[in-house]
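Construct all of the structure, not just a fragment, from the sequences and the given hints.
In order, the protein sequences belong to chains D and H.
Numbering of the first sequence is given in UniProt numbering, commencing with residue 1 and proceeding in unit increments.
Numbering of the second sequence is given in UniProt numbering, commencing with residue 1 and proceeding in unit increments.
Certain hints may be false.
[Stated by the list, open to error] Label-pair ranges, simulated between beta-carbon atoms:
1) Arg-244(H) - Pro-238(D): 45 to 55 Å
2) Val-184(D) - Arg-43(H): 50 to 60 Å
3) Glu-168(D) - Gln-83(H): 43 to 53 Å
4) Ala-64(H) - Thr-366(D): 30 to 40 Å
5) Arg-244(H) - Asp-302(D): 29 to 39 Å
6) Ala-64(H) - Asn-398(D): 25 to 35 Å
7) Arg-190(H) - Pro-238(D): 21 to 31 Å
8) Gly-126(D) - Arg-244(H): 57 to 67 Å
9) Gly-65(H) - Glu-239(D): 38 to 48 Å
10) Ser-3(H) - Gly-126(D): 37 to 47 Å
11) Ser-150(D) - Glu-239(H): 40 to 50 Å
12) Asn-398(D) - Ser-3(H): 30 to 40 Å
13) Ser-3(H) - Asp-116(D): 40 to 50 Å
[To be verified] Among the chain H residues that face chain D by a calculated CB cut under 8 Å, a handful are:
14) Leu-4
15) Phe-7
16) Arg-9
17) Ala-12
18) Arg-13
19) Arg-360
20) Leu-391
21) Leu-397
22) Tyr-400
Think of the hints as simulated: they come from the structure by calculation, not from any bench.
All figures in this text were calculated on a predicted structure; none of them were measured in a lab.
All C-beta atoms in this analysis are idealised placements derived from N, C-alpha and C, irrespective of residue type, glycine included.
Protein chains: 2
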Amino acid sequence: MASLLEFLRPLARSGGKMVLLVMDGLGGLPHPETGLTELEAARTPTMDRLAREGSCGLSVPVAAGVTPGSGPGHLGLFGYDPQRYVVGRGVLSALGVGLTLEPRDVAARANFATRDGDVITDRRAGRISTETCQRLARLLNERIRLEGVSVRVEPEMQHRAVVIFRGEGLSPRLSDSDPQVTGVPALPVRALEPEAERTAAVVNEFIRQAYAVLEEEHPANAILLRGFDRQPHLPQLPELFGLRAAAIAYYPMYRGLARLVGMEAHVPGPEPADAIARALELWDGYDLLFVHIKGTDSAGEDGDWARKSRVIEEVDRALPPLVERGPDVLVVTGDHSTPAMLRSHSWHPVPLLLWARTARRDRHVTKFGESECARGSLGQIRATEILPLMLAHAGRLNKYGA
Amino acid sequence: MASLLEFLRPLARSGGKMVLLVMDGLGGLPHPETGLTELEAARTPTMDRLAREGSCGLSVPVAAGVTPGSGPGHLGLFGYDPQRYVVGRGVLSALGVGLTLEPRDVAARANFATRDGDVITDRRAGRISTETCQRLARLLNERIRLEGVSVRVEPEMQHRAVVIFRGEGLSPRLSDSDPQVTGVPALPVRALEPEAERTAAVVNEFIRQAYAVLEEEHPANAILLRGFDRQPHLPQLPELFGLRAAAIAYYPMYRGLARLVGMEAHVPGPEPADAIARALELWDGYDLLFVHIKGTDSAGEDGDWARKSRVIEEVDRALPPLVERGPDVLVVTGDHSTPAMLRSHSWHPVPLLLWARTARRDRHVTKFGESECARGSLGQIRATEILPLMLAHAGRLNKYGA
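What follows is the structure, given as structure tokens:
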């Protein structure tokens with residue numbers, strides 16, 4: 001069965017301008033006292049009006065009961081089946097620090113860790129400072145030399161880093177060295193296919209040299225690798241639908257995910273209003289503008305119910321200039337739920353509004369929120385159906401069959 | 001494409017306690033006078049509260065318009081795609097009389113019938129008494145001898161029985177001997193694949209000997225076989241998700257279906273309160289408790305609208321101790337609809353409520369019933385999505401992707 005994207009491709013034509021506004025982790029759960037979710041409690045007159053003038057529904061990011069990470073969450077919104085297209089941990093981390101991978105690169109997520117002899121005693125090296133992480137990454141980059149392969153260690157926050165192996169004929173089909181538990185030695189990296197034997201040897205040599213370089217760096221005297229992967233090859237939005245697409249995202253991971261599908265990435269200021277202002281600057285150059293707001297997810301992960309609600313209100317206050325600019329299609333949704341009550345991503349469907357002159361109107365909807373969206377005219381749909389609906393409402397899809 | 005179960009398997013982790021309360025044939029149709037269904041007319045204060053505090057929806061057992069038998073109805077609820085996993089009639093009958101099949105056994109559903117010469121004149125032998133059926137089964141078991149194959153005839157009710165062939169190298173790929181109409185001879189059993197030739201010969205020899213044994217037993221002087229099958233091999237819930245799962249069901253068929261997916265079966269007393277009491281006794285030993293209530297379906301099949309409503313009320317009255325025991329996830333639903341007005345199973349979606357601390361709340365729902373569930377926040381989902389949602393709400397699924 002071909003994916004929906006492949007089915008739609010031959011129907012594509014030019015058409016109107018589309019905005020996809022994603023509040024990361026938008027969906028929530030009711031506050032025990034008020035019975036209202038973060039979104040339902042927020043004062044959002046502009047979104048409420050858009051919901052009433054447009055069509056509402058709930059978006060299922062991956063499948064019933066599945067809690068998506070940021071990768072699957074966004075791929076779904078971009079129209080790509082996240083069960084079919086998988087972005088490995090190493091690649092996502094590389095995107096997260098703003099690295100541009102080449103097709104031949106193999107990336108892994110790395111932790112600085114503590115070892116006593118060979119035994120791993122702390123998988124996070126006591127959460128060393130980001131400064132220490134940066135210094136150790138520099139040290140490894142200066143001292144480690146591998147035959148025929150260049151390697152780069154890129155620091156993230158605290159104990160986290162990314163390692164990129166670049167060279168001809170590398171394979172990402174490797175097992176993790178991270179044992180995921182303490183009290184045991186790190187695992188040797190094993191080839192999961194015959195073609196990966198040489199890469200496994202290269203990576204194990206990297207680890208051997210890294211252990212030597214880090215010998216005196218207790219508590220960060222070991223490094224653990226996991227999630228080896230190569231950048232996936234995804235069909236590109238410009239080729240699929242003739243779309244000039246822009247991603248406007250303050251955090252590098254979301255720009256990286258957007259680049260995977262052929263969007264051009266732009267860095268706005270950190271506030272929601274900055275992202276929307278940037279979208280307006282870029283308006284004429286693009287058919288699809290994807291605007292990413294991170295604060296909702298961060299507040300949800302921190303369990304800060306009120307802050308998540310406030311971020312949503314900020315977005316709503318920043319929205320009028322974008323609405324007035326007159327997009328043909330405006331979608332407001334999230335990539336997944338991050339209920340403050342759970343302090344984590346969750347599987348709950350995500351509120352969704354689609355505004356367009358060609359949309360049906362949910363006149364009974366009084367507020368953009370989980371409960372009202374559950375009774376919206378779009379019903380409960382897969383996240384992968386959102387882009388096809390946007391294309392249709394923008395007049396960008398021809399009739400199928402005669 | 002892998003099934004949802006297979007997709008979820010690597011995400012499984014341990015978590016909370018889940019109860020799946022199934023009222024067989026729960027869904028109904030409105031009474032012409034009141035416009036209320038059996039469930040809507042029933043006084044169900046506890047389910048109503050659970051519906052309001054949890055999420056409601058409608059469950060589609062197999063697919064649009066499909067009326068499921070008990071097999072597909074329950075497999076769907078257990079998370080197994082009933083279009084992919086099929087339990088043959090013979091196997092279902094064997095489960096129904098409480099037989100435990102071995103993987104090599106071939107089972108068939110049997111009818112005692114009446115013949116005049118070779119021509120079948122009554123496919124049900126005038127609905128002989130169950131006692132006669134038991135006597136004839138004993139007679140066949142004593143007298144029939146097959147080379148290298150043991151055979152067992154197990155009586156059901158009236159003219160119905162199950163025949164189990166046990167031996168090495170048997171194949172279930174056989175055509176029926178039951179012609180499904182009268183006025184013609186029974187059909188010879190034919191092999192549907194070359195490997196089934198010997199089994200076909202064995203079965204035809206069984207029928208020849210049975211005709212001889214039954215010669216003087218008019219009106220039960222023939223036996224018709226259909227629905228040859230072997231027990232299907234289904235992935236097991238304990239292996240898929242690390243679940244210790246119990247089935248609490250008064251009727252053997254439902255215990256048999258539950259054992260097919262790796263549940264341990266327990267026999268409660270005949271009343272709804274007995275089943276719930278038994279679930280409470282078994283509480284600590286299991287992660288998932290499947291409680292089956294038959295009375296709703298029986299009343300529906302009898303066309304007894306009021307009795308179906310009363311059974312639902314009985315279940316509601318028995319429910320508080322189970323709710324107070326504090327399951328992490330409680331689902332109340334049915335395996336299919338059995339509207340008393342139709343006196344049979346039907347294709348209508350089934351009311352569904354999911355209660356959990358991590359569930360969204362359908363505060364607008366005032367009553368657990370078909371109409372209110374149609375506006376519930378879960379929307380209309382496949383039965384196979386219920387178990388994934390239960391796992392998620394019980395905290396039993398890790399995040400997918402980074």
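Checked hints:
Range check, Arg-244(H) to Pro-238(D): Cβ separation about 52 Å, and the 45 to 55 Å hint holds. In this structure the hint that Val-184(D) and Arg-43(H) lie 50 to 60 Å apart at CB holds, the actual value being about 59 Å. At about 47 Å, the CB distance of Glu-168(D) to Gln-83(H) agrees with the hint of 43 to 53 Å. Here the CB-CB span from Ala-64(H) to Thr-366(D) is close to 32 Å, well matched to the stated 30 to 40 Å.
Distance hint check for Arg-244(H) and Asp-302(D): the Cβ-Cβ separation is about 35 Å, which falls inside the suggested range of 29 to 39 Å. Between Ala-64(H) and Asn-398(D) the C-beta distance comes to about 28 Å, which sits within the given range of 25 to 35 Å. Hint check: Arg-190(H) to Pro-238(D), Cβ distance near 59 Å, so the stated range 21 to 31 Å is violated. The given range of 57 to 67 Å is broken by Gly-126(D) and Arg-244(H), whose C-beta atoms sit roughly 38 Å from each other.
Distance hint check for Gly-65(H) and Glu-239(D): the Cβ-Cβ separation is about 39 Å, which falls inside the suggested range of 38 to 48 Å. About 43 Å separates the C-beta atoms of Ser-3(H) and Gly-126(D), a value consistent with the hinted range of 37 to 47 Å. For Ser-150(D) and Glu-239(H), the Cβ-Cβ distance of about 44 Å falls inside the hinted range of 40 to 50 Å, so the restraint holds. Range check, Asn-398(D) to Ser-3(H): about 34 Å between beta-carbon atoms, so the 30 to 40 Å window is met.
A beta carbon spacing of about 45 Å between Ser-3(H) and Asp-116(D) agrees with the range 40 to 50 Å that was offered as a hint. With 8 Å as the threshold, the beta carbon of Leu-4(H) comes within range of chain D, its nearest partner Cβ sitting at about 6 Å, so the hint holds. The beta carbon of Phe-7(H) comes within 6 Å of a beta carbon in chain D, closer than 8 Å, and the hint placing it at the interface holds. Taking 8 Å as the C-beta contact cut-off toward chain D, the hint placing Arg-9(H) at the interface is violated, the least distance being around 12 Å.
Contact between Ala-12(H) and chain D, as hinted, is not supported at the beta carbon level, the nearest pair being about 11 Å apart and thus beyond 8 Å. Look at Arg-13(H): its Cβ only gets to about 11 Å from chain D, farther than 8 Å, so that hint breaks. Of the supplied interface hints, the one on Arg-360(H) holds, with its beta-carbon coming within about 6 Å of a beta-carbon of chain D, less than 8 Å. Annotation: interface hint on Leu-391(H) holds; nearest CB of chain D at approximately 6 Å, less than 8 Å.
Satisfaction of the interface hint for Leu-397(H) is found here, the shortest Cβ-Cβ separation to chain D being roughly 6 Å, below the 8 Å cut-off. Because the beta carbon of Tyr-400(H) sits about 5 Å from the nearest beta carbon in chain D, less than 8 Å, this interface hint is met.
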